[in-house]
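Protein sequences appear in the order of chains A and B.
Note that my numbering numbers the first sequence so that position 205 is 204, with each residue one more than the last.
In my numbering, each number is its position in the second sequence, counted from 1, plus 19.
Where hints are given, some of them may not hold.
[Unchecked claim] Computed cross-link-like contacts, EDC-like style, restricted to lysine to aspartate or glutamate with a CA-CA straight-line distance of at most 16 Å:
id, chain 1, residue 1, chain 2, residue 2
1, A, K290, A, E59
2, B, K277, A, E325
3, B, K232, A, E59
4, B, K271, A, E59
[Said to hold, decoys possible] Which bits of chain B does chain A cover? Going by a derived footprint, with three or more residues having C-beta under 8 Å, they are:
id, segment
5, 184-197
6, 270-283
[As the list claims (entries may be wrong)] Chain A stretches covered by chain B per the calculated footprint, using a threshold of three residues with CB under 8 Å from any CB of chain B:
id, segment
7, 114-122
8, 203-211
Hints listed in this document are in silico derivations from the structure and should not be mistaken for laboratory results.
C-beta: ideal position from N, C-alpha, C; glycine also.
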Amino acid sequence: MSKKILISDPTLRDGNHAVRHQISQEHFAAYCAAADAAGVPIVEVGHGNGLGASSMLVGECALSDETILSTAREHLTRAKMAIHAIPGFCTIQRHVSMAMDLGVDVFRIASHCTEADITQRHIEYVRKHGKEVYGVLMMSHMASPETLADEARKMEAYGAEGLIIMDSAGAYLPAEVTRRIDALVNALNIPVGFHAHNNLGMGIANSVAAVEAGATMIDGSARGFGAGAGNAQLEVLVAVFQQMGFETGIDLYKMLDAADLAEKTMVKAMPYISSTSIVSGMSGVFSGFIKQVTSIGAEHGVDPRDIFFELGRRNAVAGQESLILEVALALKASQSRAEVNHA
Amino acid sequence: MAKRKTRVAILGTGNIGTDLLIKAMRSDALEFALFVGRNLRSDGMQKASQLGAPISDRGIDAIVQQADDIDIVFDCTSAAAHLEHWPVLQKLGKTVIDMTPAKVGQLCVPAINTEQIIEGRAQNINMITCGGQASVPIANAIAAVQSDIEYIEVASSIASRSAGPGTRANLDEYIETTEEALIKFSGARRAKAILILNPARPPIDMQTTIYAKINNPDLPAIRASVDEMMQRLTQYVPGCQLILPPVIEGGKVMTTIKVLGNGDYLPRYAGNLDIINCAAIGIAERIARQRAE
Numbered sequence: 000m001s002k003k004i005l006i007s008d009p010t011l012r013d014g015n016h017a018v019r020h021q022i023s024q025e026h027f028a029a030y031c032a033a034a035d036a037a038g039v040p041i042v043e044v045g046h047g048n049g050l051g052a053s054s055m056l057v058g059e060c061a062l063s064d065e066t067i068l069s070t071a072r073e074h075l076t077r078a079k080m081a082i083h084a085i086p087g088f089c090t091i092q093r094h095v096s097m098a099m100d101l102g103v104d105v106f107r108i109a110s111h112c113t114e115a116d117i118t119q120r121h122i123e124y125v126r127k128h129g130k131e132v133y134g135v136l137m138m139s140h141m142a143s144p145e146t147l148a149d150e151a152r153k154m155e156a157y158g159a160e161g162l163i164i165m166d167s168a169g170a171y172l173p174a175e176v177t178r179r180i181d182a183l184v185n186a187l188n189i190p191v192g193f194h195a196h197n198n199l200g201m202g203i204a205n206s207v208a209a210v211e212a213g214a215t216m217i218d219g220s221a222r223g224f225g226a227g228a229g230n231a232q233l234e235v236l237v238a239v240f241q242q243m244g245f246e247t248g249i250d251l252y253k254m255l256d257a258a259d260l261a262e263k264t265m266v267k268a269m270p271y272i273s274s275t276s277i278v279s280g281m282s283g284v285f286s287g288f289i290k291q292v293t294s295i296g297a298e299h300g301v302d303p304r305d306i307f308f309e310l311g312r313r314n315a316v317a318g319q320e321s322l323i324l325e326v327a328l329a330l331k332a333s334q335s336r337a338e339v340n341h342a
Numbered sequence: 020m021a022k023r024k025t026r027v028a029i030l031g032t033g034n035i036g037t038d039l040l041i042k043a044m045r046s047d048a049l050e051f052a053l054f055v056g057r058n059l060r061s062d063g064m065q066k067a068s069q070l071g072a073p074i075s076d077r078g079i080d081a082i083v084q085q086a087d088d089i090d091i092v093f094d095c096t097s098a099a100a101h102l103e104h105w106p107v108l109q110k111l112g113k114t115v116i117d118m119t120p121a122k123v124g125q126l127c128v129p130a131i132n133t134e135q136i137i138e139g140r141a142q143n144i145n146m147i148t149c150g151g152q153a154s155v156p157i158a159n160a161i162a163a164v165q166s167d168i169e170y171i172e173v174a175s176s177i178a179s180r181s182a183g184p185g186t187r188a189n190l191d192e193y194i195e196t197t198e199e200a201l202i203k204f205s206g207a208r209r210a211k212a213i214l215i216l217n218p219a220r221p222p223i224d225m226q227t228t229i230y231a232k233i234n235n236p237d238l239p240a241i242r243a244s245v246d247e248m249m250q251r252l253t254q255y256v257p258g259c260q261l262i263l264p265p266v267i268e269g270g271k272v273m274t275t276i277k278v279l280g281n282g283d284y285l286p287r288y289a290g291n292l293d294i295i296n297c298a299a300i301g302i303a304e305r306i307a308r309q310r311a312e
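Make the full structure from the sequences, and use the hints.
Written out as structure tokens, the structure reads:
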């Protein structure tokens, strides 16, 4: 019997990071229809940071959550519609219940890797209303396998039906993925998943390592469309899993067509491993910071690589975009002090 | 009126309650009556015993029993628990300073509306949230010189270690209450609050960034108004500093403040405890003065 892998496709959520949350309604509709036709089981949509996250801090979304969800709903017939939701950005009353009313099937409730307890009420709420709910631990490279397992067990206890760890900074090498997935598979009675970023070129390799260690849920985006250097490229994953004899239920040709469509329409710049992305991966800083680090660095004449390493030293986590300007100005001040000293 | 000091009790022995205990015991204007929780072995209870504070593990019942010895009750539990405590305390006629985001009472920011609260003799005073105590004064200062604010957004990040179970269970109420206070005190048409718990070690200092969407912002006027507000804020929260004075970034006004605590219960990074607790002590002392008059 071949092993089944459940694919979740965040092209229309993580990809929004790559275009400053400007994916258009037309492109939401077209890609949903294409992914649906290819048999992608779960299609995740929304602002890059999920429900209720459109903000000056992270970036304002071209579309409201309501518009995104109702558009996607219309074009997903077989696929389940999923959202990403981080407590602290969104509330149950205003966002989660609205998403439920608009037909979201799968709720991925996320927290920073050591803060699982902030997801309790949201996970319990979704479970109580009979919808599918997964726990997501972001920036998982910042916690040891043991700590991750403890946090994951909390989410399982709240009612999560699966647990996904994210390599938000694209910082893992395969052996580290293996250790963490192994710890989670041993600690939990629910399926374990992995969400890759490609900063160090490990998106596919890390996803394969995760599956070999026992993960059964994998995230991948068309053309890798996602924050920073992008995610694991979905059509490559589908091909690789087929070669490995794993079942995804996705039609390879139609998936390739969907990826071509994504490239032609909304993937304005193909994700690639830019010099800044490499530094983001090495410094372990969230890939979603790249756009702001690059523009603030250019505006203030500070090397974005220095900004990333400094953010890494300060252990910046997602949601702390406001630190970027502060760090840039501090670096600029120390540069000009250095120049004065050299003069 | 009797010359005796105003007697205060604290309900809830988490991070907020324990830090507040230390500050209340230090206050010359207040007499500390009772520290109430549910578990005598909690860190907060142990700290209270060391300090020689009267303690009880009998929850709200302990307050009811000793009602005659208490004038003001600080509720440091959770929004849901406050909804149960309030009717009991209201019936007892106690002044309640609510440290939870239950927003039952009058929203209070000492730098803005102390006198109104005192003159109105509010019985339930809500201290909003830590992020609210840091950001609402700034939003109010911007509004003082810009009449038409389209949107205000505040993002606070606090050290994970400083956020106890009550704070963690109340993230939604934190957001709703902070947003309501931002709109009330700035007149902005829309508001958004974001809270980030940062697990970095060593722990990060509390920081709050305020963004405002304003047509043709008058930056010099905003800077002057914010500076003036910072002077009022630092009178009761000395560790509060403007680390990024207002700038226009990508078409929006943005400013960041950092709050260092006094290091009473948790180390100085936990400015989120101080900004709300200093505000609450300030109001309690002002009520005490009113009672003595």
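List in ascending order the numbers of the hints, as given earlier, that are violated by the structure.
Going through the list in order, the structure violates hint 8 alone and respects the others.
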